[in-house]
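Those protein sequences? They're chains C and R, same order as listed.
Residues in the first sequence are numbered from 465 upward in steps of one, following the working numbering.
Residues in the second sequence are numbered from 995 upward in steps of one, following the working numbering.
Simulated from the structure, these hints should not be mistaken for laboratory data.
Since we're looking at a predicted model, the values are computed, not measured.
Treat the hints loosely; a few may be bogus.
[Unchecked claim] Think about it this way: if two alpha-carbon atoms lie no more than 27 Å apart in a straight line, the pair counts; the simulated DSSO-like pairs of lysine-lysine are:
| id | chain 1 | residue 1 | chain 2 | residue 2 |
| --- | --- | --- | --- | --- |
| 1 | R | Lys1112 | C | Lys655 |
| 2 | R | Lys1112 | R | Lys1136 |
| 3 | C | Lys515 | R | Lys1103 |
| 4 | R | Lys1231 | R | Lys1215 |
| 5 | C | Lys495 | R | Lys1231 |
| 6 | R | Lys1309 | R | Lys1378 |
| 7 | R | Lys1195 | R | Lys1324 |
| 8 | R | Lys1016 | C | Lys644 |
| 9 | C | Lys683 | C | Lys699 |
| 10 | R | Lys1136 | C | Lys655 |
| 11 | R | Lys1102 | R | Lys1309 |
| 12 | R | Lys1324 | C | Lys655 |
| 13 | R | Lys1101 | C | Lys655 |
| 14 | R | Lys1016 | C | Lys661 |
| 15 | R | Lys1257 | C | Lys495 |
| 16 | R | Lys1340 | R | Lys1016 |
| 17 | R | Lys1101 | R | Lys1112 |
| 18 | C | Lys515 | R | Lys1138 |
| 19 | R | Lys1016 | R | Lys1103 |
| 20 | R | Lys1112 | C | Lys513 |
| 21 | R | Lys1305 | R | Lys1378 |
| 22 | R | Lys1103 | C | Lys655 |
| 23 | R | Lys1103 | R | Lys1137 |
| 24 | R | Lys1185 | R | Lys1138 |
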Amino acid sequence: MRIIVCIKQVPDTADVRINPETNTLVREGVKSIINPFDMYAIEEAVRLKEKFGARTAVLTMGPPQAEAALREAISMGIDEAYLASDRAFAGSDTLATSYTLAKAIRKIGDFSMILCGKQASDGDTAQVGPGISTHLDIPQVTYVKKIEELKDNVLRVERMTEEGFEILECPLPCLLTVVKEINEPRLASLKGLMRAKSAKIELLTTQTTDLELDRLGLKGSPTQVVKIFSPERRKGGEIFNAPAQDCVDKLADYIHKNLLT
Amino acid sequence: MMDYLLTEQQLMIRDLCRQIAKEKIAPVAAEYDKTEEFPWPIVHAIAQADLFGVSIPEEYGGLGGGIMETCLATEELSKACGGITLCFAASYLGLDPILLFGTDEQKKKYLPDLASGKKLAAFAVTEPAAGSDASAIQTTAKKKGDHYVLNGLKHFITNGGEAETYVVIAMTDKSKGARGATAFVLEKGTKGFTFGKKEDKLGIRASSTRELIFTDCEVPKENILGREGMGFIVTMKTFDVSRPGVASQALGIAAGALEAATKYARERIQFEKPISSFQGIQWMLADMATQVEAARALIYATARMIDSGVKSVSKESAMAKLFASDVAMKVTTDAVQIFGGYGYIKEYPAEKYMRDAKITQIYEGTNQIQRNIIALELIREIAKG
């Protein structure tokens, strides 16, 4: 069994500042970390490895410095690491990203399971995981909070919903996106840190991977960012403090005057 | 901070322990101090990080470091909680005699599980009537064929009840005095080996301190460490290498208190200024920082001396323990003073540092015993000329 974890390097959200003039993220001097949701995917892969003896790999698409995120995943117990990095990937939206990652996964080879965090803390779209599964044409289960059982190539998982949870069965290979309820990510181990230091990171580029160039980067991204702005702060509501009937009258009056005209 | 020219692996150990201290230990330290529960989740996290193996040779499942590595780990973890860290450090105290005197077979049997943190170890010398005077040990081990039969009581045993592997000192021949003691390795669950009272302590409350009771407890002769009659040598040599560990615990506690006091001094406003702007407070902080750094330098120098293979280290080891623990008591008391009224209440961290510091002046040889060791060695060196 081989599990591939897709991760993203993001700015540390504990440290985010917005430039008030341009309304964009200030990236200078901000530490890069593994997307916090992806840490749960890494941990789950390592646990599956410990339980079933799976081989684990980690994959990211990003600039060369994303290598640090891959090494951190290795220090937690992941076996192999792949970096999809090429100037042609720059400016990818979620469609182009999931296409590129799906192709990278095909290049890596056999797999039984793809694990992703439910979403990235910078873009918050939650689209890349499902996008990858669509490109690979394999089943997906999103918002997984527990892997209950793996038997005869069928996975039984609990999936979070707004009302509670669903229990689903899904054949392998499949893609899961996981939520933070699934586990508590471990810290690195000393042996892991030593392995991470010398581990070979395999580079995947347009030269080494079978990719249609017009589906990559800005060119392959239909999403247009028209404007980025901080939403206006919502003003506090008005509280009517009076006997019930008076409140109803006041509320009706307010709606009539302010909202229906 | 002073640069101690640590190796890459030592820096890795320090940074990882710093992260564990901050993320795993600090948030729960006060709770374990209150409940006195054994901190198994933290022990497991320390084990998962491979830290129990830092100073065990690679052939027995460790990472091959020396005393310096144990000291670095103990110092960093103790900054967050000296009590929780003791569960780790006391396991090293328990396995040190096996490392020093065990046969290859004994090392293969016990060390891998201790290196992985699957099991904890403990060292049992102290008895109600045998504290500083270890020759007053009453626990006996009588030879009976291939076995020894142990009877007696050990108390104040750190990791007692929680550890799986115990090194126990018992008298095989009382008539020989100190030369009649022998070290045995015992496993939890051995028939006739049970646990008694758990102590309710002033500090290091997350660690377990318990009685061990031996009632006609049969131990095979293969479990002797070294030879019969070597029990005191085993004990003294073990303390020689473990005392820098206690010193590091004291150092960590002192450094943790210093950091907390410095942060507090910057935040606390009196007379419309942070109290850190007053020279009276600044001078206290400066003295505290200087003492902490001096303790660190002495401990690291001692640890490196031991790791370099020098045989006679009793004096230096005792000096490190004596100095660092006295520094810890002084610095934590001053930290309480800087916190003022808030230093005296449990909602703030200062009082716990002070309670945790006190034991480091007492155990693994009181500081009075350390002075005896230092003076004796000093006089011996001069007499030799």
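Going through the hints against the structure:
| no. | hint | result |
| --- | --- | --- |
| 1 | R:Lys1112 with C:Lys655 | holds, 16 Å |
| 2 | R:Lys1112 with R:Lys1136 | violated, 32 Å |
| 3 | C:Lys515 with R:Lys1103 | holds, 26 Å |
| 4 | R:Lys1231 with R:Lys1215 | holds, 22 Å |
| 5 | C:Lys495 with R:Lys1231 | violated, 47 Å |
| 6 | R:Lys1309 with R:Lys1378 | holds, 15 Å |
| 7 | R:Lys1195 with R:Lys1324 | holds, 20 Å |
| 8 | R:Lys1016 with C:Lys644 | holds, 21 Å |
| 9 | C:Lys683 with C:Lys699 | violated, 41 Å |
| 10 | R:Lys1136 with C:Lys655 | violated, 44 Å |
| 11 | R:Lys1102 with R:Lys1309 | violated, 31 Å |
| 12 | R:Lys1324 with C:Lys655 | violated, 38 Å |
| 13 | R:Lys1101 with C:Lys655 | holds, 21 Å |
| 14 | R:Lys1016 with C:Lys661 | holds, 23 Å |
| 15 | R:Lys1257 with C:Lys495 | holds, 23 Å |
| 16 | R:Lys1340 with R:Lys1016 | holds, 19 Å |
| 17 | R:Lys1101 with R:Lys1112 | holds, 15 Å |
| 18 | C:Lys515 with R:Lys1138 | violated, 46 Å |
| 19 | R:Lys1016 with R:Lys1103 | violated, 34 Å |
| 20 | R:Lys1112 with C:Lys513 | holds, 19 Å |
| 21 | R:Lys1305 with R:Lys1378 | holds, 17 Å |
| 22 | R:Lys1103 with C:Lys655 | holds, 22 Å |
| 23 | R:Lys1103 with R:Lys1137 | holds, 23 Å |
| 24 | R:Lys1185 with R:Lys1138 | holds, 16 Å |
Hint compliance for this structure: hints 2, 5, 9, 10, 11, 12, 18 and 19 are not met, and every other hint is.
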